[in-house]
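Protein chains in written order, with my numbering: chain F, 50 to 388; chain Y, 32 to 427; chain S, -11 to 352.
Quick caveat, the hints were computed from the structure, so don't treat them as lab data. We treat Cβ as the ideally placed atom computed from N, Cα and C, and that holds for glycine. Treat the hints with caution; some may be incorrect.
What follows is a list of derived Cβ distance ranges for each label pair [what the hints assert, rightly or not]:
hint, chain 1, residue 1, chain 2, residue 2, range
1, S, Thr39, F, Gln192, 47 to 53 Å
2, Y, Glu83, S, Thr53, 46 to 52 Å
3, Y, Arg241, S, Ser253, 54 to 60 Å
Listed next, the in silico BS3-like pairs over lysine-lysine satisfying Cα-Cα at most 30 Å (straight line) [said to hold, decoys possible]:
hint, chain 1, residue 1, chain 2, residue 2
4, F, Lys349, F, Lys324
5, Y, Lys52, S, Lys264
6, Y, Lys160, S, Lys341
7, S, Lys347, Y, Lys324
8, Y, Lys236, Y, Lys96
9, F, Lys183, S, Lys54
10, S, Lys178, Y, Lys52
11, Y, Lys336, Y, Lys236
12, Y, Lys420, Y, Lys128
13, Y, Lys160, S, Lys178
14, Y, Lys420, Y, Lys324
15, Y, Lys151, S, Lys54
16, Y, Lys324, Y, Lys236
17, F, Lys183, F, Lys274
18, F, Lys349, F, Lys365
19, Y, Lys336, Y, Lys420
20, F, Lys365, S, Lys54
21, S, Lys261, Y, Lys52
22, Y, Lys52, Y, Lys160
23, Y, Lys96, F, Lys191
24, Y, Lys420, Y, Lys240
25, F, Lys342, F, Lys84
26, F, Lys324, F, Lys191
27, Y, Lys324, S, Lys341
28, Y, Lys96, F, Lys274
29, Y, Lys420, S, Lys178
30, F, Lys324, F, Lys342
31, Y, Lys336, Y, Lys151
32, S, Lys341, Y, Lys151
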Amino acid sequence: MFKTLTSTAAATALSLTMVATGAQAGETVDSVRDKGYVQCGVNTALAGFSAATGGEWEGLDVDVCRAVAAAMFGDADAVRFTPLTAAQRFTALQSGEVDVLSRNTTWTTTRDTSLGLNFAGINYYDGQGFMVRKDLGVTSAKQLSGAAICVEPGTTTELNLADYFRANNMDFEPVVIENTTEVTAAFFSGRCDVYTTDASGLASARNVSAENPEDYVILPEIISKEPLGPVVRHGDDEWLDIVKWSHIAMIQAEEFGITSDNVDDMMDTDNPGIKRFLGVTPGMGEALGLDEKWAYNIVKQVGNYGESYQRNVTEKLGLERGLNALWTDGGLMYAFPIR
Amino acid sequence: MTQNQTNQAAANPVMTLLYDKTVRSIIYQILVFGGVFLMGWYLVNNTLTNLEQQDIATGFGFLEKEAAFGISESLIQYTPESSYGRALVVGVLNTLKVSITGIILATILGTFIGIGLVSKNWLLRFLGKTYIETFRNIPLLLQLFFWYSVVTNAFPSPRNALNPIDGVFLTNRGLYLPVPAENPVWTAVLIALVAGIAGFFLLRKWALKRLEATGEVFPYLSVGLGVIVAVPLLTWLVSGAPTELNTPELTGFNFSGGLNMSPEFFTLLLGLTVYTATYIAEIVRSGIQSVPKGQNEAATSLGLKPSWVMRLIILPQALRVIIPPMTNQYLNLTKNSSLAVAIGYPDLVSISNTTMNQTGQAVEAVVIFMSIYLSISLLISLFMNWYNKRMALVER
Amino acid sequence: MTTLIESQARPTGGTASNRSLRWMRDNLFSSPVNTAITLVCGYLIWQVLSTILSWTVFDASFAATKDACENISGACWAYVHQNARFILFGTFPEDEQWRSVLAIAMLISGVLISTNRRFWSVGLLVGWLVGLVVLYFVLAGGVLGLERVDTAHWGGLTLTLLLAVVGIGFAAPLALMLALGRRSEMPFVKVICVVVIEVFRGVPLISVLIMASVMFPLFLPEGVTVNKLLRAQVGIIFFQAAYLAEVFRGGMQAIPSGQYEAADSLGLSYWQKMGKIILPQALRLVIPPTMSTFISLLKDTSLVVIIGLFDLLATTKSAINDPAWRQQFLEGYVFIALIFFIMCFFLSRYSLKLDRDLKQGMSH
């Protein structure tokens, strides 16, 4: 009897202390620092953005996570990846299973507010498109009335699709399958006439998953704006700052013309902006609560945005910079002043 | 806690009290209650803190908001303008649709195999056993993936559709069947059918009563079935016998018109039926074998016709053995229909999943679909208990 | 079954052939209807068998590379050749693969030993606990110079067996508590146990898994996270315990009330009565139904593919989605269907044997 009583008391006390510690250790930054690595949610398989080839994760989205790890720990490999389906991603972030979600996620009002998320920037400006088999003879999305359309659930794509067909008074039959790989497999097996997702995703599917890429054509209509970027949860602004500026640092480096190859030479520059950026003139690291060499580590170990884009998107998917070029080249990528 | 302190203060009388059975049981219960309560409070409190800290929306207000996503098949009117609440209702109905059809088909298939298992023919028994061992020992989800791959890969695209019978098309978008064109007559026929079925049961009641009272046999089964067929048929003939059909036609990408059975629904139905039938067959077999041979012999020697022996002697006794495990299988089938989410059939779980992601309200969505499943389970077992009681009364 | 075995074992020739003729007449051609059934069944079997055999063997290519599969109408077993390692062990590091194999061996022997009554003792319980710890380190590494392997890389058959065996291992004691609670005379304890059992039995496993993977983390304070694999495992344990509790309750109900009364009249306490009189008899009775619960569990673990764990089914699906092998989906599914079939079939036969042993033991 005494045993039962004491053990119950002990259990109660334990649970109470757990509540207490839980309330105190609210900060994501602290918990990341304690762990010694960043837990990053990525797409299960989306060539060019996040794909595990030979056990190594690579892609544009993956590089954001590596940049954050480089800024935090000076080591771009201090990151672990959790592959997530579209449907799992937000709960995984909300519940703390991942610290940052970098999984081609569109910035929308609902997600920013009622889902309790914060977008830390935009690493890819995208838009939703349609892909069909060439032999169907379709040339415009306006001809798609009555088609069976493959789409991933829990995405903005699913909503835009319904909106677009409603706006154009057309019908469609949604074929909703979770997981990017599964939905593309269903499309290529002929279950649907059309596959819709972000244009980059279509290119990724066609170049990587199709047996004969020439058999498929991406229709000219882009029916939505899809600003994709890394996301963190509400409640820790310091962590938001770190993710936000790690991402901006990559764009800034490209604006400065700093690459992973020339970053060491750049340390000797006279340009005050670059000196501040690379931590030769201290201050920025301290402001973020990071090592002064944070930006240097990002560029040295991950590269600038242009390098990452070239390595992942251009080489793997054959997509030009387009909207994702620097603002000086007519694109939308624009780094905020680091000072 | 106070118990503990008084304990030390006055050891002896309290110790004897502690060994008292009722006191003990009360203490145990308080402990369990306390533990459960603390645990529950701890979890709820954490959840609320987390939700609040991260500004995640809560409450069931989202049910009235516009869902804005499309659903491929629905028994009721649904468009992307409909609310999340309506989308969930569509999900429930889709779950019920596949479960009920599956239960009927699995029962038929399972009964046939079950009868085959008690056959005198060795080869038939062997066939039945092989069927059971094969489909029972492979996970249902794997079977679903398998059938789904076969359906989507092996069947041709709509433009090269298989056309086995006039008006019937088989494609990788599903099976298209012609249905009677819309006509008020069909509503009347449906009502007549319901009336016919009601008539059948009334007739049966009367026939059994008469049998008990006078011993005279009235062939209610054949007459009754005749009524079920004749009443709607007459209604149809009297109202002009419309034969116009709504035949599926290839328009643009897909067939339109007629009745479409999607590959997802077909796969799920096939998988559930084939898998559950293995269990039902075993139940039917043990039910039949549970009736002693003597019963059969005794009834025959009383001069009853073989069909009457089956209906009046064997079946009522076998059913008493069969019904409880059968209920379980029906429940299992209903619960297994949730695997729909894996192949993209819009059942309750898969629509809840989408809702969860579009609104971000995981807790609410999970609570909703779990309580719906619980209610379905409870309803089926209540109904089956009621039916079971009725069957048990026959024993007297 | 017995007729089947006898008829196969019987040698042909001499009087034996007469006997087998008689057997055929009795069992296959006793009446015109029976003959018709035999012919139809024979035709069916022939059709199915010839299709299966020509696909798997006669028209198939057994070469190790895909090139040999062109112009082949049957199976392309190169698929299994190339992907077997991935399907069986997931992304577990190739050099450390022996650890996966060892884990599988440990799990299987654990089941076989535990279901044999001869090994039932306190030692077995200790063995389980020690075994689980060892198993964890075999897979996770980090000690004795073993490379650390993150749980994210545990996959394939290893994960399937791990979820099932650890699931039943922990579900059993929990189920015992629930079953005792449900039969208890204390109303509050009883109500809680009934609610837990009925709720878990009333919902599909997939909803429990979704809850474990999506909702459970919100239950915990911020900063406290539980590994995804562990969460799914806990969900499986609770689900399984609810079903097993009903099996155990059935066993306890099967003990004649005289046993309870006798124990009470000897003045035994509740725990003495249960521990020394009722449970030893009841648990013996429930081995076969427990085995069939375990078999369903083994099949049900495949559901974790839906919440993104890398079990046997998930590795196969992902191997199939490789564009180079997309036409080979049948080979992939047939391969793991065979694995599941062998495991489940063997276990159900084993359970029948245990059942027979049990009946013999009782009649002595």
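Here is how each hint holds up against the structure:
1. Thr39(S) to Gln192(F): 47 to 53 Å: Since Thr39(S) and Gln192(F) have Cβ atoms about 41 Å apart, the given range 47 to 53 Å is violated.
2. Glu83(Y) to Thr53(S): 46 to 52 Å: 59 Å, violated
3. Arg241(Y) to Ser253(S): 54 to 60 Å: Given a distance of about 56 Å, which is inside 54 to 60 Å, the answer is holds.
4. Lys349(F) to Lys324(F): The hint holds at about 15 Å.
5. Lys52(Y) to Lys264(S): 20 Å, holds
6. Lys160(Y) to Lys341(S): 18 Å, holds
7. Lys347(S) to Lys324(Y): This hinted pair holds, its Cα atoms lying about 24 Å apart.
8. Lys236(Y) to Lys96(Y): 50 Å, violated
9. Lys183(F) to Lys54(S): 28 Å, holds
10. Lys178(S) to Lys52(Y): 16 Å, holds
11. Lys336(Y) to Lys236(Y): Judged against 30 Å, a Cα distance of about 21 Å means the pair holds.
12. Lys420(Y) to Lys128(Y): Status holds; Cα separation ~27 Å.
13. Lys160(Y) to Lys178(S): 41 Å, violated
14. Lys420(Y) to Lys324(Y): 25 Å, holds
15. Lys151(Y) to Lys54(S): Roughly 48 Å separates the two Cα atoms, so the pair is violated.
16. Lys324(Y) to Lys236(Y): Since the Cα atoms of Lys324(Y) and Lys236(Y) sit roughly 29 Å apart, the hinted pair holds (cutoff 30 Å).
17. Lys183(F) to Lys274(F): Holds, because 25 Å separates the two Cα atoms, which is no more than 30 Å.
18. Lys349(F) to Lys365(F): 22 Å, holds
19. Lys336(Y) to Lys420(Y): 28 Å, holds
20. Lys365(F) to Lys54(S): The hint holds at about 25 Å.
21. Lys261(S) to Lys52(Y): 15 Å, holds
22. Lys52(Y) to Lys160(Y): Outside the cut-off at roughly 53 Å; violated.
23. Lys96(Y) to Lys191(F): Holds - the C-alpha atoms of Lys191(F) and Lys96(Y) are around 28 Å apart, at most 30 Å.
24. Lys420(Y) to Lys240(Y): 20 Å, holds
25. Lys342(F) to Lys84(F): 21 Å, holds
26. Lys324(F) to Lys191(F): This hinted pair is violated, its Cα atoms lying about 53 Å apart.
27. Lys324(Y) to Lys341(S): 27 Å, holds
28. Lys96(Y) to Lys274(F): 23 Å, holds
29. Lys420(Y) to Lys178(S): 25 Å, holds
30. Lys324(F) to Lys342(F): 11 Å, holds
31. Lys336(Y) to Lys151(Y): Holds. Lys336(Y) to Lys151(Y) sits at ~21 Å (cutoff 30 Å).
32. Lys341(S) to Lys151(Y): 26 Å, holds
The structure shown violates the earlier hints numbered 1, 2, 8, 13, 15, 22 and 26.
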